[in-house]
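Student: Sequence:
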Amino acid sequence: MTNPEIRRSEGNSDSTSAGSAPSGGLTRRSVVGTLALASLGLPSGRGLAAAGDPSMLDASRLRIAYGDRSLSPVEATKAIFTRIEALNPSINAFIVLDPGGALKAAQDSADRWREGKPLGPLDGVPVTIKDNIPWAGHPTRKGSRTSAESPSSENAPVVARLLAAGAIILGKTCMPEFGWKGVGDSPLTGITRNPWNTRLTTGGSTAGGAAAAALNLGVLHVGTDGAGSIRIPSAFCGVFGIKPSLGRIPAVPAAATLHLGPVSRSVRDAAVLLETVAGPDPKDMTSANGPLPDLLGTLDHGVKNLRIAWSPRLGYVKNLDPEVESITETAAKAFSDLGAKVEQVDPGFPDPTPILDPIWLTICWSAVRSVPEAKWGELDPALLALAMKGRSVSAADYSAALAARASLHAAMGRFNEKFDLLLTPTLACAAFETGHNTPPDGHFGEDWLNWAPYTYPFNLSWHPAASVPCGFTQDGRPIGLQVVGPYLREDLVLRAARAYEQAHPWPFIDVPKSL
Numbered sequence: 001m002t003n004p005e006i007r008r009s010e011g012n013s014d015s016t017s018a019g020s021a022p023s024g025g026l027t028r029r030s031v032v033g034t035l036a037l038a039s040l041g042l043p044s045g046r047g048l049a050a051a052g053d054p055s056m057l058d059a060s061r062l063r064i065a066y067g068d069r070s071l072s073p074v075e076a077t078k079a080i081f082t083r084i085e086a087l088n089p090s091i092n093a094f095i096v097l098d099p100g101g102a103l104k105a106a107q108d109s110a111d112r113w114r115e116g117k118p119l120g121p122l123d124g125v126p127v128t129i130k131d132n133i134p135w136a137g138h139p140t141r142k143g144s145r146t147s148a149e150s151p152s153s154e155n156a157p158v159v160a161r162l163l164a165a166g167a168i169i170l171g172k173t174c175m176p177e178f179g180w181k182g183v184g185d186s187p188l189t190g191i192t193r194n195p196w197n198t199r200l201t202t203g204g205s206t207a208g209g210a211a212a213a214a215l216n217l218g219v220l221h222v223g224t225d226g227a228g229s230i231r232i233p234s235a236f237c238g239v240f241g242i243k244p245s246l247g248r249i250p251a252v253p254a255a256a257t258l259h260l261g262p263v264s265r266s267v268r269d270a271a272v273l274l275e276t277v278a279g280p281d282p283k284d285m286t287s288a289n290g291p292l293p294d295l296l297g298t299l300d301h302g303v304k305n306l307r308i309a310w311s312p313r314l315g316y317v318k319n320l321d322p323e324v325e326s327i328t329e330t331a332a333k334a335f336s337d338l339g340a341k342v343e344q345v346d347p348g349f350p351d352p353t354p355i356l357d358p359i360w361l362t363i364c365w366s367a368v369r370s371v372p373e374a375k376w377g378e379l380d381p382a383l384l385a386l387a388m389k390g391r392s393v394s395a396a397d398y399s400a401a402l403a404a405r406a407s408l409h410a411a412m413g414r415f416n417e418k419f420d421l422l423l424t425p426t427l428a429c430a431a432f433e434t435g436h437n438t439p440p441d442g443h444f445g446e447d448w449l450n451w452a453p454y455t456y457p458f459n460l461s462w463h464p465a466a467s468v469p470c471g472f473t474q475d476g477r478p479i480g481l482q483v484v485g486p487y488l489r490e491d492l493v494l495r496a497a498r499a500y501e502q503a504h505p506w507p508f509i510d511v512p513k514s515l
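Reminder that position 103 of the sequence shown reads as 103 in full-length UniProt numbering, one-by-one numbering, no gaps.
Treat the hints as calculated values from the structure; they're not laboratory data. Some clues are possibly wrong.
Using 27 Å as the maximum straight-line C-alpha spacing, the simulated DSSO-like pairs for lysine-lysine come out as follows [unchecked claim]:
(1) K304 to K333
(2) K318 to K333
(3) K304 to K341
(4) K104 to K117
(5) K318 to K389
(6) K389 to K375
(7) K418 to K341
(8) K333 to K418
(9) K318 to K418
(10) K418 to K304
Just so you know, these numbers come straight off a predicted model, no measurement behind them.
Let the hints inform the model, and build the full structure from the sequences given.
Tutor: The following block contains the structure:
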């Protein structure tokens, strides 16, 4: 199934198919031709933007181009929409696009830049948001055919802060139903495909955001992470994604393990977004009230003398692809070359799956319980099966899981007295074929947590964690290294990720590959 039509903003009669690529596929020449500066009416020969495709600039370069007037936010936004029109049919990253609203916001931004009064570092920067985040005037479908098609009446705090900062919201990105699993398909929008190989899954649940980031269909992509949903697709799609400490970016409505955070091509862009949107909100009781560290001011401080633990199996992971282990171990050891003190050690807590299960099953049941029973047949069958298990979770089991979760948080606190950072593989395998919730070779069984055993512990413990691109398998599938920091120390995670990025720049992909 493919997304039959991307919803457009009111007043726009055009629509975009998100089905298969045209016969013969997309070529680099055709895309570059489509995106030629002349076709966008851009001035030539001036400043940074004249040196290349404006749709491929990061936030820092956009700010320079806006400042020297070699590019306007309107021109950049038009260029990205042209790129989306050309490439999205191959990957199906978007459920909503709002070119009318985005171009109006871009014009407002252009006026501010022309007057020398930008609102901040995100003014005029094109961003996307995941489709479980309310955006006033647009539906919040959450990947489900059972969800309301009526528009949300108000913005989530993260959306309100982005708009107040002058960011240009392009649209909403696809996700699996209610974000319940680690791959990128849903009954509502179909399959979101991996740009590195469109036969492969993006991972989930921030599926569309990671796929869009890989192709630069927008500069920054806001996702959510309840058990790995930012880090999993970031690893599979070869981009950077960070889950900050729980409550650092308020989640409204809140959820037990839900963290909001950015997916991007660069560490610096992610840091800019975090500094812009972080902060408490009275509607989220988990809001982190502690001061945000100086993320940008310390970003290039490096990792010299930091104490870093490398744990390939966390003491309990049974199945780990040997190629993934080799690539991530090489990346972890590279931090020694950057001046860190790296030691292989496990954090010392037992397998936390028994903690997650009652919580996760209850979350699934809560999502399904909100759907009229007459519509349960429209749900993802695997989600419904999990929800039925969650229906029988007792109050005692749930309470015990919460107590064990607190113990896990304390265990990580003790661990961070000895180590500044923890490194693990982001995932136990590389991306696999679409249409499956687990690798079809059966090596990891039927539970997606078996191939994603490294991510959810740090949702349970509230700690910040990022996935950093660190290499490729022999057949070209991206691999991620997870960097976990102490609670409320996103600065250390970003410093380490930035140091690795500078020493080992990761490659980008320009057009989707169909292998």
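Student: Taking the hints in turn, state whether each one holds.
Tutor: Now the hints, each set against the structure:
At most 27 Å may separate the alpha-carbon atoms for a hinted pair to count; K304 and K333 meet this at roughly 14 Å. Of the pairs offered as hints, the one joining K318 and K333 holds, with about 22 Å between alpha carbons and a cut-off of 27 Å not exceeded. Between K304 and K341, the direct Cα distance comes to roughly 8 Å. Compliance with the 27 Å bound is thereby established for this hinted pair. A hinted pair counts as satisfied when its Cα atoms are at most 27 Å apart, and K104 with K117 qualifies at roughly 17 Å.
Using a Cα cut-off of 27 Å, the hinted pair K318 and K389 holds, with the two alpha carbons roughly 25 Å apart. A threshold of 27 Å between alpha carbons decides the hint, and for K389 with K375 the separation of about 18 Å falls inside it, so the pair holds. A C-alpha spacing of about 12 Å is found between K418 and K341, which places the hinted pair at or below 27 Å, so the restraint holds. A threshold of 27 Å between alpha carbons decides the hint, and for K333 with K418 the separation of about 18 Å falls inside it, so the pair holds.
Pair hint K318 plus K418 holds up; C-alpha atoms about 26 Å apart against a cutoff of 27 Å. For the hint pairing K418 with K304, the CA-to-CA distance comes to about 16 Å; that is within 27 Å, so the pair holds.
Every hint, counting from the list given before, is met by this structure.
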